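Protein chains in written order, with the working numbering: chain A, 1 to 114; chain B, 1001 to 1118.
Quick caveat, the hints were computed from the structure, so don't treat them as lab data.
Heads up, some of the hints might be wrong.
To be verified - Going by beta-carbon spacing under 8 Å, a handful of chain B positions derived as facing chain A:
| id | residue |
| --- | --- |
| 1 | R1043 |
| 2 | K1105 |
| 3 | L1106 |
| 4 | G1109 |
Claimed, not checked - Label pairs and their computed distance ranges (CB to CB):
| id | chain 1 | residue 1 | chain 2 | residue 2 | range |
| --- | --- | --- | --- | --- | --- |
| 5 | A | K13 | B | G1085 | 28 to 36 Å |
| 6 | A | R15 | B | T1018 | 41 to 49 Å |
| 7 | A | N77 | B | Q1002 | 21 to 29 Å |
| 8 | B | D1081 | A | T112 | 34 to 42 Å |
Keep in mind that this is a model prediction, so the values were computed, not measured.
Glycine included, every Cβ here is placed at the ideal spot set by N, Cα and C.
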Amino acid sequence: ETGVTQSPTHLIKTRGQQVTLRCSSQSGHNTVSWYQQALGQGPQFIFQYYREEENGRGNFPPRFSGLQFPNYSSELNVNALELDDSALYLCASSLAAGRNYGYTFGSGTRLTVV
Amino acid sequence: AQTVTQSQPEMSVQEAETVTLSCTYDTSESDYYLFWYKQPPSRQMILVIRQEAYKQQNATENRFSVNFQKAAKSFSLKISDSQLGDAAMYFCAYRSPTSGGSNYKLTFGKGTLLTVNP
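Okay, chain A solo, but in the shape it has when bound:
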């Protein structure tokens, strides 16, 4: 059973650029959530994808967008990067099956915006 894989592990971008982060979900999981973890903070929910559609979103602007593919892998896209977007971006996969399901997290992508 493979876990959640995120790529790249580290990334440096310039303010105003666009970035794409990738996540391969755990085998058997059909739901992917993305979180932003600023330095010294807890993760903040960005959005969740289920069956290739966004089905939940946190308090993030539209320049944060995503995709989920038929194999349940996912991408997080951020346009017009700002310095405050510098953070660890975590992906979590799960099997949406009623009340009782758990999350498996990846090791994250560390994004630095300069």
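With chain A fixed as given, assemble chain B onto it according to the hints.
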């Protein structure tokens, strides 16, 4: 909206001793899930223990146990026989049980950095 508060930014414990990490939360829901996650330097969030609010019995997982006080909205984590490998950032998290959209999201506290001294 639900909030999660961890009032201890840092804690330290001697190896083999016991330590308790605190967490309080605010919610108007009567049914929900609570979690403790561990984040070592590898950055991956690892589930330590989970508690369902409708269960009165406190959850335990080997050396890890919780003290769940629903009326007080308190959810503390006790680590017994602390080991060097327990050193990490610990996050308390809340999740609604209801289906649909962002109700599936985890709401995290700011974390407690645990140091284990040999």
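Compare the structure with the hints numbered earlier in the document and write down the numbers of the violated ones, lowest to highest. none
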